[in-house]
Structures are given as structure tokens and as C-alpha cells.
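Could you build all of it, start to finish, from the sequences and the hints given here?
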Amino acid sequence: MQRSHRGAVITVLVLAFITGILVFAYQTRDKNGSNAPITAVGSTALQPLVEAAGEDFQKSHPGISVTVQGGGSGTGLSQISQGAVSLGNSDLYAEEKKGIKSQDLVDHRVAVVGIMPIVNKQVGVNNLTLSQLTDIFTGKVTNWKQVGGADQKIVLVNRAAGSGTRAAFEKWAMGGATSKEAQEQDSSGMVKSIVQNTPGAISYVAFAYQSNDVATLNVNGVAPTNENVENGSYPIWSYEHIYTKGQATGDTKKFLAYMNSTSFQKKYVEKLGYISVHKMQIDRDRNGLITRK
Amino acid sequence: MNAKTADKVATGVIYTIAASVALVLIAMLAFILVRGLPHLSWHFLTAPARSFEAGGGIGIQLFNSFYLLILAMLISFPIALGAAIYLNEYAKPSLFINIVRTAIEVMSSLPSVVVGLFGFLIFVVKFHLGFSILSGAIALTIFNLPILTRSIETSLSQIPNLQREAGAALGLSRFETVIHIILPASVPSIVTGVVISAGRVFGEAAALIYTAGQSAPALNFADWNPFNMASPLSPFRPAETLAVHIWKINSEGIMPDLSAVSAGASAVLIIVVLLFNFSARRLGTLLYKKLTNS
Amino acid sequence: MDLITEKIKKTSLSTKQDRFGKFISISALILISAIVVLIFAFVITRGIATFTTNKVSVTDFLFGTNWNPSVVDKKTGLPGVGALPLIVGSMAVTFLAAIIATPFAIGTAVFMTEISKKRGAKIMQPVIELLVGIPSVVYGVIGLTVVVPVIRSIFGGTGLGILSGTIVLFVMILPTITSMTVDTLKGVPRHYRESALAIGATRWQMIYKVVLRAAIPGILTAIVFGMARAFGEALAVQMVIGNAANMPNSLVSPAATLTSVLTMGIGNTVMGSLQNNVLWSLAMILLLMSLIFNVLIRMIGRKGEMK
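Sequences listed follow chains A, B and C, in order.
Be aware that the first sequence starts at 1, since it is given in full-length UniProt numbering, and climbs by one per residue.
Be aware that the second sequence starts at 1, since it is given in full-length UniProt numbering, and climbs by one per residue.
Be aware that the third sequence starts at 1, since it is given in full-length UniProt numbering, and climbs by one per residue.
Just so you know, the hints here were simulated from the structure itself, not pulled from any lab data.
One or more of the hints may lead you astray.
Stated by the list, open to error - Here are some chain A residues pointing at chain C (derived, C-beta under 8 Å):
1. Gly72
2. Thr75
3. Leu77
4. Ser78
5. Ala160
Stated by the list, open to error - Simulated coverage check for chain A against chain C, where a stretch passes if three residues somewhere in it have a Cβ under 8 Å from a Cβ of chain C:
6. 15-27
7. 195-205
Note that beta-carbon positions come from the ideal geometry of N, C-alpha and C, so glycine has one too.
Next comes the structure, spelled out in C-alpha cells:
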């Protein structure tokens, strides 16, 4: 009997001690940081950029904390439209995502991402027209010799349905056509290594994933470079969006202004493989209407 | 073929099979370690990860993994222990117990993706916990509970009934028998079970991707107040673990030293799990000696 | 006298303690059951929305072969929600992995319990436990860097597909099946073996005709348990299977499983939309399958109970 009583007493003492420490910690917590933090959720492609911005922003604005989380564009958009987070990161226009009420969402375009077709090095092609690309991805063309390459079967490697890269590619490279059912990969890294190792493979990745292991194709004779996207001659690219519910206010507004500042765009955007919105000489709306700036 | 030759042939085949299984494991371990060990350094183990430059480490991810593991274990161990004690010591065969047992078994074969998604919608979204250590710990608890309950129950059931009868003969209540006789006697195998399930929790990724999140914000290791966001102890911060980190950089990584980080992180993960396994056996034997005074 | 009666009739301290212990432990048990019920209720309400809110017919979902929920099929005017390719993909990798793993698992288990107990305990036991501990992400990485290139160089193509998935899963479920088989074999009473040897059976005859026969239900349970694990495995499979939601027509062409589609899609879809709801329906199938596996295990267990 004595023994179990002793056990109970010790348990109570330990619990009291822990509670005491917690209360003390709560009392002495850093009150500056207790402002509602800015939370950004969504696109994994945009995540590193927003994270970099968040880290820098916290340094220059002590007391404001920025948490950046992935989860995918769909998550970002559904969370922001419910008002559960301060910023929703997305690779697509909210209007393009099924099931999102986009009326009260405000779009902030923070960067541009260029997308380039990549092929296995042995296919012997270095340029395709947009219509050839469309034919290949819709399955009309099935052998590389039909587009002037080696006699090899074409192996399509697609991106996950609903992903930003795929949506942009289907929209701007294939004129809105749907690609043939083929293997899908969730990630650019995987896509690259598959294309590198599979004879006859073709896929597409963001400019950031450029590498010498795969061959990059020119589109309509234009090389996929930042300059060509900026001056409007290279067609396959999309904006990276950060959405707010209603106009941004307070800390969130400051943060977005920081992301759009010349210093941030210069310092990080290109380093991370995006194209700065400041350098774009053209503006393109959701329907493809291009206006020179 | 007569019985003698058949015996020899069969023995040979079985030897080959066992050897090849051992070989597969050794090859896998060697592969991971050979690829990963050269990248390990103090810097790699402690530095924060970098998303787009070379030279990042896995410091925060490593800390997150351990912290999440400890939290998940703190929550799940008492529950699993209680449930296992009931199942093994009190329960009489009945429809209810049958259903509960099935429930636990179903839970243990529940795809961890489903656990993760459940945690995502309930804790992250509904309860507004966000992608956080807390959400992750709860998801891991759900993932861990059935495994732990089963392993503790097995440990308890291995204690011969003689001990229970001896307790009853001494006039102890069943509860006292459990606390003072059965539990101490089964501590070694319970500890082994706990540590081995800790290994599984440590390597779990699918349940965490959508609960603890895929980002590891910088931590201030001078601030141990759990109510501050930057504190390593804060349960409300998003916390990418090592296993999630490996999955993520293999999918979306753009740092130039990606394959090195991936190989190094895999090696660390394996080493930690190995350590868990070895220490489980050591601790088990040690405790057994100590508790039984033999 | 009264005092004594009262004292005896009063609930003793021990009984109180016992009740307390019983209360604590049963509440833990109820908590676990509640979580299971909650998960089931939750996934099923979500998963059923596809059929109630989005009016997808169950047969289209289970037997349709066109999986492409974000695109409306021109012929039917409905989004492609046929999950059959995914179900077939999941089944294929699961069964193939179990078929390959079983002989290895039984062989290893027999080695550990019947042939070389000492080496079994010293070498194989740790080996098996370590294999259990290797995280599935690491299996995925190994699959991607070792298995896939080997398959590619032998069969051509991308190397991603059911075969690669099978091999990775085979290694993943091998330790599970093995360790459970070991437990069963250890449970076969010693006098079975002794009587077999006493009537002049060789060791192999004893193993094959007596020990394994007696252990069949346990071994079956182990296999089904391994299959349940394989069926629910997500990340490792997703990395090596290629994720093409076509009806698989060869072992080396890309295919998809329920789990791979689920993990890839959930972040890209919007909650409450059809695209998201179908994913929950997939989760529901996973859940029901693990229920079926468990019922199977119990049935096998009950049938083979040694009396």
C-alpha cells in the first residue's frame, strides 16, 4: 500500500512541477512574436521563394513572423478562399481551378516561371513547333522520325494532373488541348532523371531544372531563355500567384510589398530560377491577351 | 530421390534462401551507407537546410524528427499501455472485445496516407492547428497506437499465468498484480517493442506530409520557451522531419548538391533506426537483469 | 459483530484499486476504438460524397477504366472517374509481391526455427528486425536508384512500372511475413517434431509434413498481413511505379496504384470539388480493403486454431 501511495505522490509532484514550468514559460513568452503570424500555404513550387522572402522580411521587421507551408496549389487556394490563412500560393489563376469561388480573391503576381520541353539526348531533335508539341502530347505523333528525329518511339512523361506546370504547359504549349493518358510524375527531379535515362522520352520542366543531362528544345525556333520570355518571343510560361482574401492589409500588405520590391526581386527571384516580374516587357492576361508594357 | 537426398537438397535450398535474404539487407545497408557516409559531417548534421544553394544540412529536420517522436511516444504510450492491460488482463471474450480487437488490427494496417489525410482535414483544417508539430504528433499517435498496443499486449501475454496466480494467492488485487508483478516482469520486452515502434515512427513520412508540413522554419536554439514561435519546443510551428525531407528533395529539390543531401540524409535516417534497434535489444536485456535480480 | 459484517461487506481498498485500474485501462481502449470509428466515419462520409453530391454511379467508379477526373470525357459528358486501373494496379503489385515474398519468408523462417536456431537468433533475427525498421522513403530511393535502372536495361522503356513496384514491395513486406511466420513456427508444439523424428522422418520430412502443415493457418495470416501492408504503402510505390492511370498491359509499362494517385493528387485539388471527392473515394476503397484483409486474417485464424 505504502508503495503505491508514494508513486501517486511522486506523480502529482512531477505534474505540478511541469505545470509550474509551463505557466512560467507562458508568462515570460516573447510578447513581440505573439502578433498573428503571416501564414502562407500552397504551391510547393513557389514555397522556396516565399520562404526566402519570409526569412529576409523577419530580419528587417522584427516582431512579425512569417510561416510558409506547402500542401499544393489546390490546398493554398481552398485555404485562402476559406480565409484560414493570410496568403494562398498558387501556380494557377484561381479562376482556372475547379471549385474555387474566385470573386473575393485578389491576385498578386510575384514571379514568372518559364517552362521548357526536355527530351532524351538521343532523339535527334532540337526544335519543335507548338503544333508538333501538341501532336506529340496528344498522341498523334508517336515516332521521333515524324518530326525529323531518329527512328525512336516517343515516350511521354507527363506531370501530375492538376499540377501548375502541367496546366501551364497544356494551356500555352498545346492551346488548351488535353494530353494523352501517360505516365505522370509529381516532381521535376523525377521527370528529369526519367527523361535522361529513357530513350525517346519527352517531358517539360521549369527553367530552374535546366541541366546538361537532358536536351532542351527550342520552341518555334526560339530558345527557352529568360530574355526570350521577358520580351515575349517564347510562349510557354506562367505567373506565380499569391492570393489574398480581399485587399491585403497590415503586415500582410507590407510583406507583399516587400516581395514585389526591386531589391527582393533582384536578390532572390532569378537565383531561384524564376523570372522577375519587373523584367517582363509584356503582360499577359488569363486568356492569353498580350499587352506591351 | 530418396528421403535422405531430399533432406539434403531442401536444407541447401533453405540455407540459400536465408543467405540471400541476409545478403539483400547487407547490400541495401552498404548501398545507403557507402553513398551517404562521405557526405556526413558535423556541419551537415547541424546546419539548417538550404532550399536552393549548396551546403545545406539537416539540423532542423533531425531535431524535428526526434521532437515529434518524443511527443508522439508521450501521447501514445500511456494509451497503448492502458489498452493492452485491459485486453490482456481484464477482458473476457465478448462481442465488444472482438470488435475492438478487429478495430485495432484494422488500424494497424491502415494506410498511413489515410491517417495523414485524416489528420490534415481534422487537425490542420478543422481545429486550425495548421501544419504543426502538434498535428503531426497526433497523426503519428494514431499511426503508432495499434502497433504499440499489439506489441505491449504480446509482451504481457508472455508472462506465465503462474505469476498472476501467485499474486492472487498473496491476496493482491488484480490491479496490484499487474502493477507490481506483471509489468515489471514484462518491462524488457515492452521496452524492446517501444523502441522498435519508435524506429517505425521515426521513418514515417506519408502521415506527416500533410500534418507536420513540408517546411522547416529557422529555429532559435537559444530560446527554449515553448510558447515562442521560433523556439525549438514550440508545438505550433510547422516541422518537416528527416523522412519528409528526403521525400521532398527527391521530388522538388533544386539545390545543386541534391543527391548528396538525399544520400546523406538517408544514411542518417538508417543509422538512427539501426541505433534504435540495437539499443532496444541492449536495453531489454539490461532491464531484464536488473528487474529480475538475476 | 455488526462492525465486522460492515467491514467485510464494505468495498475493500483492493477492490477500489482494481476498479480504478479497470476504469483507466478500459478508457484507453475506448479511446482507441473511438479513433478508429472516427476515421472510418470521416473517410466514408467524404468518400461517399462522390456518389451523393457529384452523382457518380458506383459502377462507373469501380469498373470504369478511364481515370482522369479533371477532364470531361467527350463521349459520356462525365469526368473520367473510372478507378479500375488503379484498383488493378494496387492488386497486381500486392499479389505479385506476396507471391514472391512467401517462399523467401518461409525459407528464412524455417532456417531460423528448425535448421540453425543459433545463427537464426544471432544473425537472421536482427537482419529481419532491421529490414522492418528501414523507412519506406529509403526503400523508394533505393528502388529509384537501383531497381528501376536494372529493369530499364533489361526490358527497355522507362523501367518504371508494376515490376519495379513489386520488387520494392517484396523487400518491404518480406520481414513482416518472415517474423510472423517465425512466431507461428515457434508455436508448433515440440512433441510434434519429436514424434515425427521418432518414427524415422528426416528433418526435411518433419519440417514439410508436420511443422509447416501445422503452421499453415499462421503462415496464411502472415501473408495476408504482409499484403495489407503492401496494399497501403504509398511513397515507395509512388516513386517507382510511373503513375500512369492506364489499364496495365505489361509488367514493365507505367501503372498507378490507389495510394500513388491519392498522394499525388490531394494537394492539387480543391476541397469539396469532384476531383477532391473521388480521391476520398479512393481512400475509402483502401480502408475497406484493409478491413477485408483483417476479416480474412481472422477467418483463417479461427479455422486453423489448433485444438
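So, going through the hints one by one against the coordinates:
1. Gly72: holds, 2 Å
2. Thr75: holds, 5 Å
3. Leu77: holds, 6 Å
4. Ser78: It holds, given that the least Cβ distance between Ser78(A) and chain C is near 5 Å, below 8 Å.
5. Ala160: holds, 5 Å
6. 15-27: That given contact is violated, which follows from only 0 residues of the segment 15-27 of chain A lying within Cβ reach (below 8 Å) of chain C.
7. 195-205: It holds: at least three residues are needed, and the segment 195-205 of chain A offers 4 whose Cβ sits within less than 8 Å of chain C.
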